[in-house]
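Asker: Protein chains in written order, with my numbering: chain S, 1 to 482; chain F, 483 to 964; chain Y, 965 to 1413; chain B, 1414 to 1862.
One or more of the hints may lead you astray.
[Stated by the list, open to error] Straight-line alpha carbon distances no greater than 27 Å define the calculated DSS-like cross-link-like pairs of lysine-lysine that follow:
id	chain 1	residue 1	chain 2	residue 2
1	Y	Lys-1020	B	Lys-1469
2	Y	Lys-1367	B	Lys-1469
3	Y	Lys-1339	Y	Lys-1360
4	F	Lys-865	F	Lys-946
5	B	Lys-1713	F	Lys-924
6	S	Lys-307	Y	Lys-1366
7	S	Lys-307	Y	Lys-1025
8	S	Lys-126	Y	Lys-1285
9	Y	Lys-1124	Y	Lys-1191
10	B	Lys-1813	F	Lys-514
11	S	Lys-188	S	Lys-363
12	Y	Lys-1360	S	Lys-119
13	S	Lys-299	Y	Lys-1360
14	S	Lys-307	Y	Lys-1360
15	S	Lys-342	Y	Lys-1017
16	B	Lys-1701	B	Lys-1734
17	B	Lys-1644	B	Lys-1696
18	B	Lys-1815	Y	Lys-1020
19	Y	Lys-1020	B	Lys-1816
20	F	Lys-845	F	Lys-865
21	B	Lys-1584	B	Lys-1573
22	B	Lys-1638	B	Lys-1697
23	Y	Lys-1367	Y	Lys-1383
24	Y	Lys-1264	S	Lys-386
25	S	Lys-442	S	Lys-456
26	S	Lys-119	S	Lys-299
27	B	Lys-1734	B	Lys-1696
28	F	Lys-767	F	Lys-828
29	F	Lys-640	B	Lys-1734
30	B	Lys-1600	F	Lys-780
31	Y	Lys-996	Y	Lys-1025
32	Y	Lys-1338	S	Lys-30
33	Y	Lys-1339	Y	Lys-1124
Hint data in this document are derived by calculation from the structure and do not stem from the laboratory.
Values in this document were obtained by computation on a predicted structure and should not be read as measured data.
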Amino acid sequence: MTELIFELTSPGRKAYTLPDCDVDVDYDDKIKDFIDEEPVNLPEVSEQDLMRHYVELSTLNFHVDKGMYPLGSCTMKYNPKINEDIARLDGFSDIHPYSADEDIQGLLEMLFDFEKDLKILTGMDKFTFQPAAGAHGELTGIKIFRKYFDNKGEDRDKIIVPDSAHGTNPATASMGGFEVITIKSNDKGCVDLDALRDAMDETVAGLYLTNPNTLGIFEEDILEIAKIVHDEGGLLYYDGANLNATMGISRPGDMGFDIVHLNLHKTFSAPHGGGGPGSGPIGVKDFLTQYLPVPVVKKDDNGNKYKLDYSLENTIGKIHGFFGNVGVVVKAYAYTKLLGLKGLKKVSEMACLNANYLKDNLKKDYYLKFNRLCKHEFVLSGKNQKAENSVKTLDIAKRMLDFGVHPPTVYFPQIVDEALMIEPTETESKQSLDNFIRIMKKIASEAKNNPETVKKAPHTTPVKRLNEAKAMRNPDLKYENE
Amino acid sequence: MTELIFELTSPGRKAYTLPDCDVDVDYDDKIKDFIDEEPVNLPEVSEQDLMRHYVELSTLNFHVDKGMYPLGSCTMKYNPKINEDIARLDGFSDIHPYSADEDIQGLLEMLFDFEKDLKILTGMDKFTFQPAAGAHGELTGIKIFRKYFDNKGEDRDKIIVPDSAHGTNPATASMGGFEVITIKSNDKGCVDLDALRDAMDETVAGLYLTNPNTLGIFEEDILEIAKIVHDEGGLLYYDGANLNATMGISRPGDMGFDIVHLNLHKTFSAPHGGGGPGSGPIGVKDFLTQYLPVPVVKKDDNGNKYKLDYSLENTIGKIHGFFGNVGVVVKAYAYTKLLGLKGLKKVSEMACLNANYLKDNLKKDYYLKFNRLCKHEFVLSGKNQKAENSVKTLDIAKRMLDFGVHPPTVYFPQIVDEALMIEPTETESKQSLDNFIRIMKKIASEAKNNPETVKKAPHTTPVKRLNEAKAMRNPDLKYENE
Amino acid sequence: MAYYPHTSEEIEEMLSSLGYESIEELFEDIPKEARFNDESLLNEGTSELEVSKLMKELSEKNKTVDDYICFMGGGAYDRYIPSTVDHVISRPEFYTAYTPYQPEVSQGTLQHIYEYQTMICRLTGMDVANASMYDGASALAEAVIMAMNVSRKNKIVVPKSLNPYWLRVVKTYLLGSDAEFVMVEEKNGEIDYCDLEDKIDDDVAAVLTQYPNSFGIVENLKEIKDKFTSKKTMFVVMADPIALGLLKKPGDLGADIVVGEGQQLGIPLSFGGPYLGYFAFRKKYVRKSPGRIIGKTEDKEGKRGFVMTYQTREQHIRREKATSNICTNQGLMTVAASVYMSTLGKQGLREVAEQSYKKAHYLFNELTRIDGIKKAYPDKPFFDEFVIEVNTDLNKLKYKMKKEGYLPGIILKHQYPEKDNQLLIAVTEKRTKEEMDSFVSKIKTILKG
Amino acid sequence: MAYYPHTSEEIEEMLSSLGYESIEELFEDIPKEARFNDESLLNEGTSELEVSKLMKELSEKNKTVDDYICFMGGGAYDRYIPSTVDHVISRPEFYTAYTPYQPEVSQGTLQHIYEYQTMICRLTGMDVANASMYDGASALAEAVIMAMNVSRKNKIVVPKSLNPYWLRVVKTYLLGSDAEFVMVEEKNGEIDYCDLEDKIDDDVAAVLTQYPNSFGIVENLKEIKDKFTSKKTMFVVMADPIALGLLKKPGDLGADIVVGEGQQLGIPLSFGGPYLGYFAFRKKYVRKSPGRIIGKTEDKEGKRGFVMTYQTREQHIRREKATSNICTNQGLMTVAASVYMSTLGKQGLREVAEQSYKKAHYLFNELTRIDGIKKAYPDKPFFDEFVIEVNTDLNKLKYKMKKEGYLPGIILKHQYPEKDNQLLIAVTEKRTKEEMDSFVSKIKTILKG
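Work out the full structure, taking the sequences as your base and the hints as a guide.
Answerer: Quick look at the structure:
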């Protein structure tokens, strides 16, 4: 058991030094009443204790540099080391956000150039880098929906979301003040066109969609879908979580999407940081550029200098306190330069190859509801294991931990029972995929022949299965022993 | 079992990119015969595989940021993180060794200033930073011995080394072409003055000594020792491995030493790097400065610029291809600035406090041959455990691994049976020391009550006890499966 | 650089095991009309060496707080970051991990966040903290939404002394909701209490206050809270975390939700992000809070462990019933903040705050002695940021000072059009007396001539 | 900064548990006459922030290979270092570990060195490599000592085309021994075969050869080896590891010991250190070799593991019977070298070598077209470093070229007083055509007047 840093504290111990205060000033009478007599009760440890603590904590984590991390829809690809070095260059990390345009020409040039690449890649017309995550991009998108229709004087209060959608989609719609209409998928795992036609009318602001969808299936009727939505005056929003499947092959802009968000921490190799920071730039078609949050990057009139432009007519305003997670954008940009758009196309090809390879090799062992070509991910089901030996998908997931690979996303999408949503990404080698197949087969066989081993898993992790119910029942959300 | 990087290889796989070659040149006829048709059979892996491999290897190591590392004579203190950042500044890491003096003024200023501090700290008159390790410093010292006496026309061919000395001391003497005379320690664990007097004559070049000695005992008769050696025209060499005990308290220069080496990777917090790089600068008294290896750092005549001076009259020559492990010196210098010489004095005080605290708390459980005040380290013996329950010191050491602390240096010094040479260093907290005491007591008790547990240790390490005899019998020194 | 490892032989082998002959066949489900065909638009990749060079060149076109001596704040500050911080966050075990969905192999992230939550609670005087939001502004916006949900009211009272940029984010977040923003005037650099009394009534969902406020002045939270007419009205305080090293905790002065911009806790300026928004509140609101929260529990063998809790609130479960769509936190930035707070510790944070206070007051005193410079809000307490009124064209002054190597502060007129000639100056513990003295003397020279 | 954690209360407590009242009592065994008393000489410590600033200032007083375009070599080269290298060696698991005395908790270091040894063997064509020496020069010195021990002879034949600085280190190492150095003349930039034949006889312990030599020229190892008269004479080759990416392996050409400077394998220039000396040799000499060697074995459960082997040779056991006193290696630098070699891999090292060759020859061709510049050794094969003869004062030329932003090379006269007007120029894969073209045009301009 790893001690809490508070348990390592010894009063008076220090891990810091500061220069001596070189001015001689006392607290004035105005401030005195506001001063807290007791300093904040933070840890008191030595630098050695501190480093040992955090190094030890770190070793308790699974991470990409440890093993395969096939979390569907999360695109846990390798995070190139060079990106980390680049983002730490003083010229990126030590710029004040209120720097004048002339002091940040390199940064603005980068954003401008990156936007150019993203426009080609997505078929969109204008980007903002302000959203700090995918969901933040979605939020930005929904505010644009709102403002766009308000401006047009149209009273649309609904958003259509397929039942296979990421949970953020309906949550976002609801944050935009829209009512969510969920439509069912058809038996091919795609948007049911009739259901869409039924739902779509002049009270509907539009459709949130990811393509390929969360089943890893490309929405073959995408052009018809777009037509249905557009014909009724609605907008089409592209959830970029699955962009890793089709770069250079099929562009959301060409599919008919009006707004897209990208996940730089997924598709563009920026690391996930244990849950963030991300970056979720959004791109829009021309007719929506005036709605983007301010500022946007422009070249000045004579085309020599870059500037931040705050003059967008119908801007939704600001969506981030400053300009988004620029440090993450730097990594994604470097990655894009390293691979080139050609390389990104290859990324999608390899990601899809890997997914189909896994699917093909595992479909005999796990139920595959939609047995067809997939893109970058696919969804298996543990329902046979559950029915036959009461081995739940959760058990299968936990058992995987014993073999040193991270489990897939489980119980999502909700339209597949006992779902195992697998996205290998393009950075896993064939050996690594074969190893994963071996493990999944072994677990399938254990589920038959030795189900208790699976049900009691994990066996080799730093802690065993944790009591989540207890955490809810007796919430202990901070260390109280002050 | 961690795969070898060669076992991860897939022909044609790449972890690198290079710019396209932008010149159009072919191999000329002169070179053709010298070209090897087949490229060197190095690994072929992806960057992800490579990082996973080395990250995995790293996790198999014990290290200072993991836990206590009380290796006697090795001074495994905490390595401040700031030093790592500083040594990586371009202005230190990207300088060509043949840079002109005017291009390395900052570096030379640093060396000059560091020398000033080291002179105060040691009481010596001049330093060179060229030796790349302690043993390299010793080697430099012995060559100065050699050249000094050759110059004086004295034919001295022996060196005296106490039986408690580090193994490098006799090895070094022998590399200098000297015969080694070992003298016994007296019953206080110190140099036996009579033995020294007997051994010392005009055929003896001098004495190698560390003080406090490897038992952690300060040689109380040091001044008399120096007198005996000097009276016969010999020189006194100070092995700096134990400098961490007496900084700011007692200086080798004042004790009468003529040459000292320091271990920047021990006393001055530079990390050990899994066995190197180290840095072992040596300091000499005035009358020996002309023998130092070239170049040395000087201020020029008007005192404004620094330069490398090659003009030492009797120099032994060069001892390193360039100028030593400058990158290590940078870390040690930063450390010295951080603490100041005052802080280094406190380092020695705390190092000695910690050692005495451990000694006092463990002497009931393990035999303590020299029960007296110690300095930064002390030597226990497992001889009772061996006699009573056939638990060897090696077993005790291995058992410690199960409790997450590194064992002390064992079976050294050789004058203590079943020796456990313990040096906690000043950076361990009281809690950490108490934890160590608890573990040592627990093992002592296990040795009595459950000796098999100790003899079969370790139980929790990545590999169990390794067959060293097999490694000798069937040497397998490289991966052959090409 | 390609990070896909397959050799062409392996691709061949995999394809043929699938019964395909070419990669193209993997995409035959994509209708032709939706295919992208203009390969000529796709540029080539570049080697690592060249990209390093390119990025270095770009970075060198930016001027940093090393190029200038920085007196600019306004929510982002040039503070000392201990070396420990980067050494921890550059461990791939932290930065390449994902959301801790599988707690058994995520105890590093989970325990760390539990510790982070504890530190934020101690800093703010609140009961619960979440695992962080995108930044201070979005944390404030989420606080407003939460206050509306808790109070079931829709009026938001906002003093003008709250950072207008951040307020703008709040308003964007509330686009499409029924939130009604009521502004309270500023008086002498702080909230106008008379106006506050006028504006507050039982229909107010939340009163927002920045602490210290956007002029650097320490608002009197207690006095503000005293004006509340309804117990259901939530007091939302956006607090500077370094100021909390010195000032009384909002939690002790009546705050219900405390949020703030966490950049100052060991995070580099990075042109505004990634930072983190910290988010803390009273226990009773825990089921209404956005973001994720980590709780302590035990494993089946009774060993202490940590899990994501209140998962029903995680968006991927609640879907359209969610009140926030956030599904990440600023994970790695919370590691930075924790390491920062642990490195400085109890004494160190106080010392940083004290030095910042003292140095700011030293500079304030020196500057306001200069002819042509006066104190904008002379009788108000401030922490480490203050406003001076300068009898000159501030744009020109700023331009000249930058040429001398200083970032002299923020011209308030950009945020407050009615505030002429006012300059907001921030002083952190990093500034030295020497730097401040020469700053003063340069300004003096410029004003003279 | 103090890295000792005890608070004064803890010190008090520990002292009193020992029966002491003050720290001073811990030192009462030190005689008064050997005590240091002048506290005034001891300076104060400085904060981390200030030390960072100080060190940054010092570092900025140095001119780096980023400030100059570098054509300087002579044993240390400005090469591209993949990003992977520093990410691995900055893991405390590697850099804060000690010598792997306890193999059960040192498999990371041990397995890595086993892999490193393998790579060095493959690079050199030898059977065994040790865990590394301090640097190339000391490796060469140890090779000579080993050769003397193996052959039981004392004559060392050294061509003048071997780096004189490194030879100087060898001579220092041999001070006090009975080694006798016999120099072989240079002819047209390579070893003089006639002179070699004259100097070699059955009493020679070792013939040394640098490959390529100190003029960049690829010596004909096979031809040299053919001159050997005794089977006991050891052929010691000091080889450039990047050149080995292209050239035939010394092991295939008769070498008995191959050593070299490993800086080029992913190690920054750092003004000459820390680097590493690699050290490889034929199997039959394994018991005579200096340094440590890692071997494969198994644990008591049959699992593969690695240990330090031939420990009897480790100095701490042999003591006065040792033939080398080395008891460290350049541990962390071998990690860098391994990561470098693994990142570049089979194709990459070849490509680095090829590009270096091609670029060097391009520059050679361009430069030697200039009036006033001629090929010093026109009919000899070189790899990526070459000598030109310039009809000018080289010191002045160098000074002017530095002002233009170039490190133009090494003036050979410093090492070879008889070599007037000769400049040794190195070209690595990092140099671009553009850099070389402008280098050429600048030199041309300067030579013109």
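Asker: Which hints from the list above does the structure break, by number from lowest to highest?
Answerer: 8, 10, 12, 30 and 31
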